[in-house]
Amino acid sequence: MAVTKLFGASVKRREDPRLITGRGNFTDHIKLPGTLFMALKRSPHAHARIVRIDASKARAMPGVVAVYTGQDLVDKLAPVPCAWLIPDSDLKVPSYRALAVDKVRYVGDAVAAVVAENRYVAEDALEAIDVEYEVLPAIVDQERATQDGAPQLYDDVPNNIAFHWKLHAGDFDSAWNQAEVKLSRRLINHRLIPTAMEPRGALAHYNPGTGDLTIWCTSQNPHVHRLLLSAVTGIPETRIRVIATDVGGGFGSKIPMYSGEMLASAISRDLGRPIKWFESRRENYVATIHGRDHIQYVDLAATRDGKVTGIRVKSYANLGAYLSTASPGVPTWLFGLMLSGAYAILAVHVDVFGVVTNTTPTDAYRGAGRPEATYLLERMMDLLARELGMDPAEIRRKNFIPKEQFPYTTATGLQYDSGNYEATLDRALELVNYQQLRREQEELRAQGRYLGIGFSTYVEVCGLAPSAAAGAMGFQGGLWESATVRVHPSGKVSVFTGSNPHGQGEETTFAQLVADELGVPIDDIEIVHGDTEMIPFGMGTYGSRSLAVGGTAVIMATRKVKEKATKIAAHLLEVAPEDVAFENGRFFVKGAPDRAKTFQEVAGAAYLAWSMPEGVTPGLEETHFHDPINNTFPFGCHICVVEVDADTGKVSFRKYVAVDDVGNVVNPMIVDGQVHGGIAQGLAQAVYEYAAYDENGQLLTATLMDYAVPKASMLPRFDVDRTVTPTPVNPMGAKGAGETGTIASTPAVANAIIDALSPFGIDHIDIPLTPERIWRAVQERRG
Amino acid sequence: MQITVKVNGVAHTHDVEPRMLLVHFLRDVLNLTGTHIGCDTSQCGACTVLMNGKAVKSCTVFAVQADGAEITTIEGLARDGQLHPVQEGFWEMHGLQCGYCTPGMIMTAVDLLQRIPNPTEEQIRHYLEGNLCRCTGYHNIVRAVQYAAEKMRA
Amino acid sequence: MYPSTFEYYRPSSVSEAIQLLSQNPDAKLLAGGHSLIPAMKLRLSSPTALIDITRIPGLSGIRDAGDRVVIGATTTYDEVMRSELIQRTLPILPEAIDVIGDLQVRNLGTIGGSLAHADPAADLPAVMLALGAEFKAIGPNGERTIPVDQFFVDLFTTALQPNEILTEIAIPKPAGRTGMAYEKFANPASGYAVVGAAAVVTLGNDGRVSAARVAVTGAGPYAARRTETEQALVGQAPTTEVIKQASQRASEGMTFNSDVFASDEYRAHLTRVFVGRAIAKAAQRAQG
Amino acid sequence: MKISGSYTIRAPRQAVWDRLIDPQAIAGCLPGVEKLNQVGEDEYEMSMTVGIGPVRGTYEGKVRLANMNPPDEYQMHVEGSGRPGFVRGTGTVRLADGPDSTTQITYEGDVEVGGPVAGVAQRMLGGVAKRLVEQFFSCIEKQITGG
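So the protein sequences, as listed, match chains A, B, C and D.
Each residue of the first sequence is one higher than the one before, counting from 1 in this note's numbering.
Each residue of the second sequence is one higher than the one before, counting from 1001 in this note's numbering.
Each residue of the third sequence is one higher than the one before, counting from 2001 in this note's numbering.
Each residue of the fourth sequence is one higher than the one before, counting from 3001 in this note's numbering.
Since the hints were derived computationally from the structure, they do not count as laboratory data.
None of these values were measured; they are calculated from a predicted model.
Ideal Cβ positions, reconstructed from N, Cα and C, are used throughout, including at glycine.
Keep in mind that a hint or two might mislead.
[Stated by the list, open to error] Chain D stretches covered by chain C per the calculated footprint, using a threshold of three residues with CB under 8 Å from any CB of chain C: (1) 3051-3060; (2) 3138-3145.
[What the hints assert, rightly or not] Facing chain C, according to a computed beta carbon distance under 7 Å, are these residues of chain A, among others: (3) 74; (4) 76; (5) 123; (6) 406; (7) 643; (8) 645; (9) 648; (10) 652; (11) 653; (12) 700; (13) 706; (14) 708.
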């Protein structure tokens, strides 16, 4: 691969001018004449039978156009689909209606939709709808939900177990029997709320004359939404256009299909008017997916010199009240496959129970499954180090897969593409000045101050692929990506990508790739995304896959363009194509660089088509669907340094060092930004954020007044650095950077805090490590 | 009730319901959609505008309260096609990703720099507490404000 | 996000406002609105009328009244913080206001609004208790002065009558060697005080504490003085040990709030810790 | 939400008991009771207006007394809903003789608060519940002692 001028450059983002001047195209900015506003009446009860819905008062209000209940839509809207049907797990997918019909199963379950002339009136009308419920006992805890006598959500999901997924790789039983050291723990990986700053919403416009549905919505994957909307409404895909240009963050929460988009579409068709729906933050908190929420039982087998020989995990994953679009795959494949992490662990046994409870459905949240695996493993590594009196850095070094062994096939069957784990650890130790820090830790302890140093040496699977693997895992879609490169007669280029960035900066990164490939100015390149009418089918942006998969599709399509352009250039230069070279946007005859045509001249010629080489069609446009041969596996080492105030339990951050290896980097500025944001979210899980329910299923952290999304003052500055181990999986050698920070940081922070508390004999506290939890643990030890 | 509000230098007179929030007045009546809504409890600051020169959350002000006031929104910050130094800082330092919190973040930073032309990192972080960003971890937002501070002092 | 309908009034005098209050029993006064409007947006509060008192002349501003500083009720946090007079004479106010809400809240939120609202976790009630402020209220029967010690009656409840308006807060200027400090443990999400402790400590010529006022907020149903602690300080030299002993008594006789973030037991502990820290800082400042 | 506490009333146990199961007495001591109708044995429908700070609302609901064991103990089931949300709960009230012909009341219960108020007023719900219970007992005490 030719490394040319823009690959590796921190090009300023082309998205920014519109976003810093208030001219972004977010969904709620779109206005259509005659639009009605929809608001959803949601259940305040976690589990109840709907006895009666009286909407007569609401219907009679001035400005109210219609009120729909679940019953009204049974024939007009199919249930919300589940698209990850994991095999061999006795999976049960209960019916999930956009508006609940007989029963509500979580606080926030929608029971009626109001449509009115403006938002204020719609809200007024919600209050006028009278719903009579027969309240049923609720169950929130997924482990207790599986026990006999627990309230049952569905008749056809006995013991609330929607699936039991197994992955038994290697011989754990012998590892356990022969282990010199055995560690067993119950770990909680608590529930989080994604909190994209832009809540979800949609503007659906059905034209009864043409039968076309156009829907602007907050989507990470417009084509997937088009497919699913077609499935639930019965409107053919060819008649649906989904547009999601600027999307205000997603973190996984804008992947699934939800009731709001479905209802807006169905009701627009019913009334023949545009319907806008936008959720409030409170709705976002109760009715947009949550993430994580595992109860994990872990057994770790090791030798006395610190070599891990096997790991066994039994996990109860809380799926919430219904199975969201990708939910079964998250706590199973995306979790279980990664349980040996960066280490050569030969026996991995995983059993996952997917459990339905009276809570908001869970699904993919930044990292999705991999943070749950990494936290578990990195916490256990620290516990093992403690048990053996080893340095946490050294126990990791001891267990790393050596760099000579790549590509490396894990016990769970993944093939790690490339890696040099020790290099990231070494670099991080150097950056943090480890030996000095340990000395300082000793000194401070003598003064009654508690400094802690925490490690996380993670590896992540991203660039999820290939499609055949997706099929084997039961994912109801492919994992490829598409791109069309359209060269216009002037030589300017439009690139249509199936990826759909919502903050990741692909309009810039992809343009850098194309500019390099074609040797044209970056300003001549337009990246188009987020409109199903303009783009071949695309899979969207999630799972740190856009560059590795979507970027590759762009490069491949560009190369096809180049190939055709070379033929045209050769024809114009009257030489054979083999005799033409292409450099810096010029086609020239090898050995005679003055005999040349610019890329723009060739583009013009392709459209004039006055004289084309034989067998070459006019125009200059190519499409490529790229299905990668493998996933990519970024890795790295994060070290967090904290000080804990033992009197109050308050944690302050001293330093945060991240050394990641995401392969080659197209735009370092953007990658750094991804890492920063990722760290912030993972750090927040360790100390600030948690979704708390009471035992009746009421969400106690239902607003930003109780759910602590970190503010600027609550985060440290991040020292980020990189090593570079390219992946052989794609022509860029790039791996993926969207989730590394989140995956790595939660255990790094937790390990730092536990390390700080080690003088008290504390070796574990479940996350989130809130001040009170820390204070209590210290109190208990102080007696 | 009839109100007159000067927004980005232009006086607008409209009849509004008393319950209409300033942010809805800006977005829905004046079509200035650069001011965003990110929460309903006045925490996130996405809706921040300048009212009589001070940063306020336009979701926590009724339009009638702004009667007679001068409002600057993100659309009115750049002058004569020239980005405000804070806008420039956000672009230069990659202070935004999805861009949803950005208008509010920028408006707050403008108020901050009016008060403290040379803020420390700690002051920047403190003064931005009323604005949540979910993408950047604030690292580059701090650098963006530092960039702007330096530029404005020059 | 979409409040219910209400009538909006913008009186130009206090007496007009009082008349409107009397005519509209479900009305609410609107000053900065930063407690009220969020509740209205969620329809937790749906008053039939709002009486906007922010444009009444004379209700806002800060003046030097000799031995006291007088702050008009609709003066914003920001104005108080930036007042040179306040910074010089009552530095605990800027210190406390700096950790209230956020910049935007401080720009619009008013001193009187916050005090009349009496949120159990608001910062200023504790500060006013420690400063020994006096509140002037005007109602249909004229005006009266309410000492701060009688003002905070209960959760969201003050000594104000439904048709009375808080107009002024008068704060005595500290005498002699006085130090003051506000120490807060903020809820990471809301920014409200989980526990906030305010201390105003005056030292005599002998270096011993001649007067002390200590109050906490956030911990219990309403902001309250910690008189046992104060008594334990007066007459003593403010040594680490004395402060420790005194702050241990800060949780005596209190009922503590409990929520998902902090239990009552933890709040009681934090109360002792933060009272101790506020006193230590105040004493140190008094010592100059 | 679990709530529990105790309260001492300066009156003998039987007198306290009589008041605590008397619907008129109960209605008189709950804030803003606008109506109270008996709809069954020891079961009443009521409507009350409660305002705590900015959160003010009218709640329609039912109160049912059960497992009455005079004058020692009874159970109370409450459910009510209004604009800000709903409340459902079951509690046990126990009476014991205290010193100097006082009555020691202990109560414990489990209250579910749902709807908008639950998500928003989280930090104050515990305090509010306790406050309402104390106000109620203090009012009952005043009714008996005429104080």
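Original post:
Can we keep the residue 706(A) interface hint, with Cβ of chain C closer than 7 Å?
Top reply: This hint holds: residue 706(A) lies near chain C, its Cβ roughly 5 Å from the closest one there, short of 7 Å.
Original post:
Taking the closest Cβ pair, is residue 653(A) under 7 Å from chain C?
Top reply: violated (13 Å)
**OP:** Report holds or violated for the interface hint on residue 76(A), using the least CB-CB distance to chain C and a cut-off of 7 Å.
**Re:** violated (27 Å)
**OP:** With a cut-off of 7 Å on the beta carbons, see whether residue 645(A) makes it to chain C.
**Re:** Violated, because the Cβ-Cβ distance from residue 645(A) to chain C comes to roughly 9 Å (cut-off 7 Å).
**OP:** May I ask you to test the interface hint for residue 652(A) with respect to chain C, counting a Cβ-Cβ separation under 7 Å as satisfied?
**Re:** With a minimum Cβ separation of about 13 Å from chain C (threshold 7 Å), the hint on residue 652(A) is violated.
Subject >> Stated coverage of the segment 3138-3145 of chain D by chain C [criterion: 3+ residues, CB within 8 Å] >> reply: violated (count 0)
Subject >> chain C covers the segment 3051-3060 of chain D, three or more CB atoms within 8 Å, holds or violated >> reply: Since three or more residues must qualify, the claim that chain C covers the segment 3051-3060 of chain D holds, with 6 doing so at under 8 Å.
Original post:
Does residue 406(A) pass the interface check with chain C, least Cβ-Cβ distance below 7 Å?
Top reply: violated (42 Å)
Original post:
Minimum Cβ distance from residue 123(A) to chain C below 7 Å?
Top reply: Since chain C brings a Cβ to about 4 Å from residue 123(A), closer than 7 Å, the hint holds.
Original post:
For the hint on residue 700(A), does the least C-beta distance to chain C fall short of 7 Å?
Top reply: The hint holds - residue 700(A) has a Cβ within 7 Å of chain C, the shortest such distance being about 5 Å.
Original post:
Should the hint that residue 648(A) touches chain C count as held when the rule is a Cβ pair under 7 Å?
Top reply: Holds. Min distance 6 Å.
Original post:
Minimum Cβ distance from residue 74(A) to chain C below 7 Å?
Top reply: Status violated, d = 29 Å.
Checked against the numbered hints above, the structure breaks hints 2, 3, 4, 6, 7, 8, 10 and 11 and satisfies the rest.
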